[in-house]
Amino acid sequence: MTGDIVKPGAVLGVLGGGQLGAMFASAARRMGYHVAVWDPDASAPAHRLATHSFSQPFTDQATLDSFSRLASVATYEWENVPVTLCERLEARTPLRPSSAILKIIQDRLVQKNYLSAQGFPVPAYAPVLSPSGLQDAVGQIGAPAICKTCTAGYDGKGQWKILQLTDVSAIEPALRKMDREGVSWIVENMIPFERELSILIARDSHGQSVRYPVAQNEHVDGILRTTIVPADIPPAIASRAADLATEVIDRLNGVGMFCIELFQMANGELLINEIAPRPHNSGHYTLEACTVSQFEQQVRALCNLPLGEVRLLSVAAMVNLIGQDVTSTTTSNGCVAVMTIPGAVLHLYGKQEVRPQRKMGHVTILADDAETVRKRVHRLYDVLSSQSVR
217 MTGDIVKPGA VLGVLGGGQL GAMFASAARR MGYHVAVWDP DASAPAHRLA THSFSQPFTD
277 QATLDSFSRL ASVATYEWEN VPVTLCERLE ARTPLRPSSA ILKIIQDRLV QKNYLSAQGF
337 PVPAYAPVLS PSGLQDAVGQ IGAPAICKTC TAGYDGKGQW KILQLTDVSA IEPALRKMDR
397 EGVSWIVENM IPFERELSIL IARDSHGQSV RYPVAQNEHV DGILRTTIVP ADIPPAIASR
457 AADLATEVID RLNGVGMFCI ELFQMANGEL LINEIAPRPH NSGHYTLEAC TVSQFEQQVR
517 ALCNLPLGEV RLLSVAAMVN LIGQDVTSTT TSNGCVAVMT IPGAVLHLYG KQEVRPQRKM
577 GHVTILADDA ETVRKRVHRL YDVLSSQSVR
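Our numbering numbers the first residue of the sequence shown as 217 and each following residue consecutively.
Hint data in this document are derived by calculation from the structure and do not stem from the laboratory.
Check each hint, because a few of them may be wrong.
Straight-line distance between alpha carbons at most 30 Å, and here's what the computed DSBU-like set of lysine-lysine pairs gives [stated by the list, open to error]:
#: 1; residue 1: K373; residue 2: K319
#: 2; residue 1: K575; residue 2: K373
#: 3; residue 1: K319; residue 2: K377
#: 4; residue 1: K377; residue 2: K393
#: 5; residue 1: K591; residue 2: K393
#: 6; residue 1: K377; residue 2: K223
#: 7; residue 1: K373; residue 2: K223
#: 8; residue 1: K319; residue 2: K393
#: 9; residue 1: K319; residue 2: K591
#: 10; residue 1: K567; residue 2: K373
Quick list of simulated restraints, FRET-style, between CB atoms [as the list claims (entries may be wrong)]:
#: 11; residue 1: P572; residue 2: A386; range: 15 to 23 Å
#: 12; residue 1: Y597; residue 2: M406; range: 24 to 32 Å
#: 13; residue 1: V326; residue 2: D598; range: 38 to 46 Å
#: 14; residue 1: D437; residue 2: D352; range: 43 to 51 Å
#: 15; residue 1: M555; residue 2: E485; range: 37 to 45 Å
#: 16; residue 1: D437; residue 2: P389; range: 52 to 60 Å
#: 17; residue 1: A278; residue 2: E569; range: 22 to 30 Å
#: 18; residue 1: E569; residue 2: M394; range: 30 to 38 Å
#: 19; residue 1: D466; residue 2: K377; range: 29 to 37 Å
#: 20; residue 1: D448; residue 2: P558; range: 18 to 26 Å
#: 21; residue 1: P408; residue 2: P558; range: 35 to 43 Å
#: 22; residue 1: E525; residue 2: E303; range: 28 to 36 Å
#: 23; residue 1: M481; residue 2: S346; range: 29 to 37 Å
#: 24; residue 1: D352; residue 2: R285; range: 46 to 54 Å
Since the structure is predicted, the reported quantities are computational estimates derived from the model, not experimental observations.
Every residue gets a Cβ at the ideal spot worked out from N, C-alpha and C, and that includes glycine.
Work out the full structure, taking the sequences as your base and the hints as a guide.
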């Protein structure tokens, strides 16, 4: 089955209906496929692009039966879908990436243990199996450090900075509030990195892979704010990052679209932060700046089609619209101001509820050189800040 092409006209299944699922569905529909979306949130953006839409809970057996009958092959749009659901689905329908990979990546501690056991470079870390174990973990790793939930946390949620050992007592109550069977945490060394980098890699069932250029990321409050590509790094570091990403996904025997997040140290050393078994926020620039986007690449890998050419057509930046940023871009003045930035492309996800720290859309900015891109990014920041105070 691994070598069979899933031809246009078939139904592709996706678990999760957020913006990543919507952009996947858009690429699939353009390529002639139908899409079945299963997300318990009936207002999730991908439902509007689905040929078949399911909003029942992920535990619903009847929906699993219907979804698996429809989908010739399936994937997931984020790593927090239930592993047990993926295992049951995979028994009926090919799933790419596999449930075994999801099981490794979904839990931060399991992921770090796997990478460390395989000899891949990661920051120092320690498990926290109960709130009372936080003190010992921080003592082992040292401060500054960061405590994260092993599962379900994203975009800064479920994370606590520990700048000094005395911070532990202030964090323990938050851990106790969420302490229940199966909940655990991981403490990681907050390393003094030079840059945050990421690299997208698509791999097919024959072991062939393609790698996108290394991107440079800037986070605010744990949420990705801006990505610029190509990263401002020496070619030797870019080559090492690409080789490291390839080795990781080869070792996992992964099939699909992946992103490796990296820390670059001042001496050029690279440490793996996290792996995402799906398209990634930092790869949204590929929609405008590459010959084949990460979402089309996801469809190709899923359907056993040849992987696409990876060519950067332009220097690019991607700026996330977070929370009330979306309001700034949808006022008359704000919309006009964004549209007058040369090379700016606005994407709004259509999420009905605006919440702080929620990704509501993004703006891609294209230019001939990195300096111009950065100037246009700061022009966008000015638009967002000026409109938000009105």
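Hints versus structure:
Only pairs whose Cα atoms come within 30 Å are accepted, and K373 paired with K319 is accepted, the gap being roughly 20 Å. In summary, the hint linking K575 to K373 is supported, as the alpha carbons are separated by about 13 Å, within the 30 Å threshold. Restraint check for K319 and K377: satisfied, since their Cα atoms lie roughly 26 Å apart, inside the 30 Å limit. Pair hint K377 plus K393 holds up; C-alpha atoms about 17 Å apart against a cutoff of 30 Å.
At most 30 Å may separate the alpha-carbon atoms for a hinted pair to count; K591 and K393 exceed this at roughly 44 Å. Only pairs whose Cα atoms come within 30 Å are accepted, and K377 paired with K223 is rejected, the gap being roughly 48 Å. In summary, the hint linking K373 to K223 is not supported, as the alpha carbons are separated by about 39 Å, beyond the 30 Å threshold. Between K319 and K393, the direct Cα distance comes to roughly 26 Å. Compliance with the 30 Å bound is thereby established for this hinted pair.
For the proposed pair K319 and K591, the alpha carbon gap of about 42 Å is over 30 Å, so the pair is violated. With a C-alpha separation of about 19 Å, the suggested pair K567 and K373 falls inside the 30 Å cut-off, and the hint holds. Roughly 21 Å separates the CB atoms of P572 and A386, a value that falls within the hinted 15 to 23 Å. As the Cβ distance of Y597 to M406 is approximately 26 Å, the hint placing it in 24 to 32 Å holds.
Range check, V326 to D598: Cβ separation about 43 Å, and the 38 to 46 Å hint holds. In this structure, D437 and D352 break the distance hint of 43 to 51 Å, their C-beta atoms being roughly 28 Å apart. The hinted range of 37 to 45 Å is satisfied by M555 and E485, whose Cβ atoms lie roughly 42 Å apart. Between D437 and P389, the C-beta spacing of about 21 Å breaks the proposed range 52 to 60 Å.
Roughly 28 Å separates the CB atoms of A278 and E569, a value that falls within the hinted 22 to 30 Å. A beta carbon spacing of about 23 Å between E569 and M394 contradicts the range 30 to 38 Å that was offered as a hint. For D466 and K377, the hinted distance range of 29 to 37 Å is satisfied, since their beta carbons lie about 34 Å from each other. In this structure, D448 and P558 meet the distance hint of 18 to 26 Å, their C-beta atoms being roughly 21 Å apart.
Checked against the hint of 35 to 43 Å, the C-beta distance between P408 and P558 comes to roughly 36 Å, which is consistent with it. The hinted window of 28 to 36 Å between E525 and E303 holds, with their beta carbons roughly 34 Å apart. A C-beta distance of roughly 32 Å is found between M481 and S346, which places it inside the suggested range of 29 to 37 Å. Checked against the hint of 46 to 54 Å, the pair D352 and R285 passes, with Cβ atoms roughly 50 Å apart.
Violated hints, in rising order: 5, 6, 7, 9, 14, 16, 18; the structure is consistent with all others.
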